[in-house]
Amino acid sequence: MALYQDVIMAGFGGQGVMLIGNLLAYAGMNAGLNVTYIPVYGPEMRGGTANCTVVVSDEDIGSPIIQRPKSLIVMNQPSLDKFQPRLEDGGVQVLNSSLVDASQAEARVRTVAVPANDIADKLGNTKMANMVALGAYVRATGVVDLEVVKKSLTSVISAHYSHLIPKNAEALQAGFDHAG
Amino acid sequence: MPHNTTDTGTPERIFIKGNEAIAHGALAAGCRCYFGYPITPQNDIPEMMSYALPDAGGEFVQAESEVASANMLLGAAAAGIRALTSSSSPGISLMQEAISYMAGSELPGVIVNMNRGGPGLGDIGPSQGDYFQSVKGGGHGDYKLLVLAPATCQECYDMMVQAFDLAFKYRNPVMVLGDAIVGQMKEPVTPWKPAAVPATEAADWRLEGAKGRKPRLLKSLFLEDGALAGQNRHLQAKYAAMQAEAKAESFLTEDAELIVVAYGSIGRIAKSAIRKLRAQGHKVGLVRPQTLFPFPGPLLRGLAEQGKRFLTIEHNCGQMVEDVRLSIRGIVDSAFYGHMPGEMPGSDDFLAPILDAMGGK
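So the sequence lines, in the order shown, correspond to chains U and E. Per my numbering, the very first residue in the first sequence carries number 1; after that it's consecutive. Per my numbering, the very first residue in the second sequence carries number 181; after that it's consecutive.
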């Protein structure tokens with residue numbers, strides 16, 4: 001069976017979903033896999049949710065656009081309302097339970113609730129909630145090795161902010177541990 | 181963004197948008213001039229060329245309009261320079277006069293169209309509504325462009341190298357026809373360096389000052405008795421010779437009862453639908469034309485002769501399907517599913533049309 005995973009990551013603009021989408025894609029590439037990344041494109045950007053789609057596979061990837069994803073990272077409530085109905089039966093969703101009402105999770109899917117903002121706050125910066133959620137996602141799906149994700153941080157965080165890389169790696173680890 | 185270093189032993193791959201891969205490919209191909217005017221969804225191309233091309237010893241010009249861009253392309257081509265312009269649908273419409281002049285004057289140049297929704301200003305989303313314009317001429321007169329249709333970011337890179345080579349091989353404008361999907365998505369790309377452009381590439385026809393030799397004239401006006409007919413016969417023979425360049429990806433066609441024909445982004449989305457249906461036991465395959473002109477008609481005709489049926493899927497209201505039908509005429513017809521421009525296509529959208537076409541024995 002071929003390795004294949006697809007995910008839609010969604011949240012408010014500014015929560016860094018594009019950043020963790022890129023990070024997961026880089027990690028997949030650095031693990032020697034094929035990946036596609038496509039950001040939401042068009043008037044959706046002007047309100048509601050920002051989202052991106054990442055596909056990781058060991059064979060050539062067909063569609064980069066996913067209508068019924070196998071997994072989700074949901075960073076805010078509007079994203080849950082919008083994307084949970086599209087999640088495949090038996091799919092997995094990581095919910096940022098700091099901002100999302102986890103009691104609305106449907107029984108037909110597997111839900112990993114992570115208080116990403118609270119965990120990031122404790123680590124010193126609420127902006128790292130995205131990294132906490134991605135760490136939990138990596139644990140929940142096993143799509144790539146967490147260490148490869150950490151090593152890939154240098155690809156998405158510019159040299160100017162490189163001093164923040166250890167903290168972001170910590171946030172990835174905290175999310176990973178929480179989902180265990 | 182810094183590019184990655186790989187942890188594995190695989191060749192270095194860079195993670196870039198299709199638009200950026202277009203620019204990387206153009207630079208690798210020895211492009212020395214870029215002229216353009218901004219329009220979504222292809223702005224990453226001029227953005228990157230604006231800093232990378234001067235670094236490579238070339239010239240970047242933001243023109244005052246697409247009309248100017250295309251005429252600058254014509255001028256650079258007349259000097260034998262590898263030159264590029266890029267735009268999206270409405271901007272490409274504005275370029276058609278100069279493109280016709282280039283075809284008539286046999287000038288090589290590369291034009292990238294990241295197709296967006298139309299007609300008119302349409303929207304900024306993906307569409308394949310410019311197939312006819314790209315493949316059937318677009319401007320006035322009997323001419324053809326070589327048209328390449330990338331479906332992946334790697335193909336964006338590779339086809340730019342191929343586009344420049346073909347443009348100079350045939351002294352003809354070449355169009356690379358993508359869309360907002362392949363332009364905006366990111367994938368790993370393995371850059372490669374083609375052989376250097378020979379200094380003599382255009383030496384026997386380019387304009388470079390006539391000191392010490394007879395003057396040359398590059399023109400598309402032929403008023404002398406019989407001259408235009410002669411030029412048209414010459415051009416038609418050239419277009420016929422281009423058929424040797426036809427290329428397509430074939431996927432699971434051998435035992436297929438139904439062949440889906442789809443190009444560009446729609447081709448790869450159709451591949452996902454085909455994988456899903458294959459897993460359910462349906463014998464369906466894919467032909468994805470990588471050149472739209474020349475069209476891989478002989479390949480399709482060969483499949484028709486084997487008794488296969490056809491479904492053409494496009495992100496428009498029915499354009500390439502006409503070339504598919506011409507290719508297989510007298511043997512079988514092609515069904516058609518058109519995904520409406522303005523709506524984002526996904527592989528699930530193609531399942532029912534494929535099953536319908538399979539049932540239509």
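Hints are computed from structural coordinates only; laboratory data are not their basis. A virtual CB, placed ideally from N, CA and C, is assigned to each residue, including glycine. Just so you know, not all the hints are guaranteed correct.
[Unchecked claim] Label pairs and their computed distance ranges (CB to CB):
id, chain 1, residue 1, chain 2, residue 2, range
1, U, G124, E, P299, 22 to 32 Å
2, E, D536, U, A2, 19 to 29 Å
3, E, A375, U, D121, 48 to 58 Å
4, U, L3, E, A375, 34 to 44 Å
[Stated by the list, open to error] Derived contacts from chain U toward chain E, CB cut-off under 7 Å, selection only:
id, residue
5, L3
6, M29
7, V40
8, G62
9, P64
10, Q67
[To be verified] Below, in silico cross-link-like pairs of lysine-lysine (DSSO-like), each with a Cα-Cα straight-line distance of 27 Å or less:
id, chain 1, residue 1, chain 2, residue 2
11, E, K463, U, K70
12, U, K70, U, K122
13, U, K70, E, K456
14, U, K82, E, K456
15, E, K427, E, K456
Now for the hints, and whether the structure bears them out:
Remark: the range hint 22 to 32 Å for U:G124 to E:P299 is contradicted by a beta-carbon distance near 53 Å. Remark: the range hint 19 to 29 Å for E:D536 to U:A2 is upheld by a beta-carbon distance near 28 Å. A hinted range of 48 to 58 Å holds for the C-beta pair E:A375 and U:D121, which are about 57 Å apart. Distance hint check for U:L3 and E:A375: the Cβ-Cβ separation is about 36 Å, which falls inside the suggested range of 34 to 44 Å.
With 7 Å as the threshold, the beta carbon of U:L3 stays out of range of chain E, its nearest partner Cβ sitting at about 14 Å, so the hint is violated. Using the Cβ-Cβ criterion of 7 Å, the hint placing U:M29 at the interface with chain E is satisfied: the shortest such distance is roughly 5 Å. Residue-level restraint check for U:V40 is violated (minimum Cβ-Cβ distance to chain E is 10 Å; threshold 7 Å). Annotation: U:G62 was flagged as interfacial toward chain E, and the flag holds, the nearest CB pair being 3 Å apart, inside 7 Å.
At about 5 Å, the closest approach between the beta carbon of U:P64 and any beta carbon in chain E falls short of 7 Å, and the interface hint on this residue holds. With a least beta-carbon distance of about 4 Å to chain E, the hint placing U:Q67 at the interface is held under the 7 Å criterion. Under the criterion of a C-alpha separation no larger than 27 Å, the hint pairing E:K463 with U:K70 is consistent with the structure, at around 25 Å. A C-alpha spacing of about 31 Å is found between U:K70 and U:K122, which places the hinted pair above 27 Å, so the restraint is violated.
Restraint check: the Cα-Cα separation between U:K70 and E:K456 comes to about 14 Å, which is no more than 27 Å; the hinted pair holds. A distance of roughly 25 Å separates the Cα atoms of U:K82 and E:K456; the hinted pair therefore holds under the 27 Å criterion. The straight-line distance between the Cα atoms of E:K427 and E:K456 is roughly 25 Å, inside the 27 Å bound, and the hint therefore holds.
In summary, the structure is inconsistent with hints 1, 5, 7, 12 from the numbered list given earlier, while agreeing with the others.
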